[in-house]
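K.L.:
Take a look at the letters that make up each chain.
Number of protein chains: 2
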Amino acid sequence: MIRLVVLDVDGTLTDRERRISTDAIINIRRAVNSGVLISFVSGNALPVMFGLKTFIGTNAPVFGENGGIVLINDTIKTFFSKEKCDKFLDEISKTTSARPMFTNIWRQTSSAFTMDEKDYEFISKEAEKRDLYIVNSKFTWHVMNKGQDKAYAVNFLKKFYNYDYNEILVMGDSDNDLSMFDLPVKKAAPANASENIKVKSEYVSEFAYGTQVGDVFKYFGII
Amino acid sequence: MIRLVVLDVDGTLTDRERRISTDAIINIRRAVNSGVLISFVSGNALPVMFGLKTFIGTNAPVFGENGGIVLINDTIKTFFSKEKCDKFLDEISKTTSARPMFTNIWRQTSSAFTMDEKDYEFISKEAEKRDLYIVNSKFTWHVMNKGQDKAYAVNFLKKFYNYDYNEILVMGDSDNDLSMFDLPVKKAAPANASENIKVKSEYVSEFAYGTQVGDVFKYFGII
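Chains as they are written, first to last, in our numbering: chain A, 583 to 805; chain B, 583 to 805.
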């Protein structure tokens, strides 16, 4: 029986323009009403996740910065520091197309940036040298600390609630979600998910961009 | 003709538990599609408003902290400072029930707090002495600078777009919205609005907590 659902946000609950599916909101509320815990784990800054949790009305901690920071009731917990990330971004933006995002003032454990795809290989390698890594969360690039990923967030929740992996369902759409798809949890994906995500999913919905939420919840007996 | 709609959030688009109405989201998107500008002015921190703007998909600047701060495209502009507010809250929390909110780390021009109603008169008078004032945005108390209110935000947008007051529609539900209801703009309210708001509104919908958005937009020929 699924007791906890961990949801990616961009591309999983939203469309290509980041607009949330009202159908997803309705089905998440149904799941909450049926007693299942719903958590969000996103690359977004934590206050954006706090807002989403509040406006939808979910019932479990929410994570920002790809798992680097969590809000549990009214308490913020950070698992990493942004110092090295900021310093790296500062450096690399002098010689490449990398540019910090204005949302970084709301981040505490990582930094977000934009860049031209052509710089990917160079910036990625430079990050590696500093024990950092970069990842794309669909709309933004992020520079993060090693070990800072969505699996970290899922494992935190597993321990926090003392649940088994098979009581946890994760849903995501992009390679940024792969770390949590490598855990022995239940996995589902929307039709718009990457091939890497689809092959690891127990259930791939024929619906996409948030409209799959109700379909997936029904498949797993949540609603 | 209405060209710009300025919306309060809590109680105007949400229910008593702060959950947003999916019906409101759908009708806001209809208005955006019909070419009307939609702005939010809320007591919430700015990143929460950034998230709301992104997830709904609106097309005009959004204000946090009751008008003290605005996001225009990717640029943040602050109109006031939080220094005096923080100092006051620090002081007053030593002798009263006032307690700062954890969301203050995301605020730049004001401070939010909780308190027992019994302390209202005393804290309000002490704020006055320092040229500050306190206001309740339905879920939180705020200490703000004199002149920092929603009328300030509406006047900023009026100037920014060079519109007439009668091309602007405001919608709100609580006394925290009164400053913008005192402007010579078009005004509408949900059924759950305070009496002070209702008497100043051209149109009071029979629908409430966000479900009035479509009804109000139809009344004013927006959708």
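Source of the hints: derived by calculation from the structure; they are not laboratory data. Any given hint might turn out to be false.
Same chains, same label: a pair holds when it works inside one copy or across any pair of copies.
[Claimed, not checked] Listed below are the simulated SDA-like cross-link pairs for lysine to any residue, each with C-alpha atoms no more than 25 Å apart in a straight line: (1) Lys-666 with Glu-710; (2) Lys-707 with Asn-744; (3) Lys-782 with Ser-675; (4) Lys-635 with Glu-673; (5) Lys-676 with Asp-656; (6) Lys-741 with Met-697; (7) Lys-635 with Thr-685; (8) Lys-666 with Phe-704; (9) Lys-707 with Tyr-745; (10) Lys-676 with Thr-657; (11) Lys-659 with Thr-678; (12) Lys-720 with Asp-764.
K.L.:
The structure should be examined with respect to each hint, and the outcome stated for every one.
P.N.:
Against the structure, the hints:
no. : hint                 : verdict
1   : Lys-666 with Glu-710 : within (12 Å within a copy, 44 Å between copies)
2   : Lys-707 with Asn-744 : neither (38 Å within a copy, 49 Å between copies)
3   : Lys-782 with Ser-675 : neither (36 Å within a copy, 52 Å between copies)
4   : Lys-635 with Glu-673 : neither (35 Å within a copy, 32 Å between copies)
5   : Lys-676 with Asp-656 : between (38 Å within a copy, 21 Å between copies)
6   : Lys-741 with Met-697 : neither (37 Å within a copy, 34 Å between copies)
7   : Lys-635 with Thr-685 : both (19 Å within a copy, 14 Å between copies)
8   : Lys-666 with Phe-704 : within (18 Å within a copy, 46 Å between copies)
9   : Lys-707 with Tyr-745 : neither (37 Å within a copy, 51 Å between copies)
10  : Lys-676 with Thr-657 : between (36 Å within a copy, 21 Å between copies)
11  : Lys-659 with Thr-678 : neither (33 Å within a copy, 28 Å between copies)
12  : Lys-720 with Asp-764 : within (20 Å within a copy, 43 Å between copies)
Hint compliance for this structure: hints 2, 3, 4, 6, 9, 11 are broken, all remaining hints hold.
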